[in-house]
Amino acid sequence: MVKITVGIEGMACGMCEAHINKTVRNAFQVKKVTSSHTKKQTVILAETDIPEQELKNVVAKAGYDAVSVSSEPYEKKGLFGRFGR
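Those letters in the sequence shown? Residues 312 to 396, per this note's numbering, in order.
Keep in mind that the hints were calculated from the coordinates and are not lab data.
Among these hints, one or two may not hold up.
Claimed, not checked - Now the in silico label distances, taken between C-beta atoms and shown as ranges:
1) Lys388 <-> Cys324: 27 to 35 Å
2) Glu365 <-> Tyr385: 16 to 24 Å
3) Thr359 <-> Ala323: 25 to 33 Å
4) Asp376 <-> Lys314: 20 to 28 Å
5) Glu320 <-> Lys387: 27 to 35 Å
6) Arg336 <-> Gln364: 15 to 23 Å
7) Pro384 <-> Cys324: 26 to 34 Å
Backbone N, C-alpha and C fix where the C-beta goes; we use that ideal spot for every residue, glycine too.
Could you build the full structure based on these sequences and the hints that come with them?
As structure tokens, then:
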């Protein structure tokens, strides 16, 4: 799993967050998407990495500006995540 954090300019409210989430879900195979207009970021959990330029293009088509993209390996935390190995 990969955790992708996207810095996004232009989100102003919860509807903006929902719009970004829906746009990302429709464009890519993802496990989870959460956005925060106060943190100005979207966090995506996916099985495989998403190419940075494709992600930026999708965000731009939705009317927002992806200013940064970073990815890191993601390991599920918590009680049940430990037993999954």
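Against the structure, the hints:
A hinted range of 27 to 35 Å holds for the C-beta pair Lys388 and Cys324, which are about 30 Å apart. At roughly 19 Å, the beta carbons of Glu365 and Tyr385 sit within the given window of 16 to 24 Å. Taken as a hint, the range 25 to 33 Å holds for the pair Thr359 and Ala323, whose Cβ atoms sit roughly 31 Å apart. Take Asp376 and Lys314: their Cβ atoms lie about 21 Å apart, and the range 20 to 28 Å holds.
For the pair Glu320 and Lys387, the supplied restraint of 27 to 35 Å holds, since their beta-carbon distance comes to about 30 Å. Checked against the hint of 15 to 23 Å, the C-beta distance between Arg336 and Gln364 comes to roughly 19 Å, which is consistent with it. For Pro384 paired with Cys324, a C-beta distance near 32 Å keeps the hint of 26 to 34 Å intact.
Every hint from the earlier list agrees with this structure, and none is contradicted.
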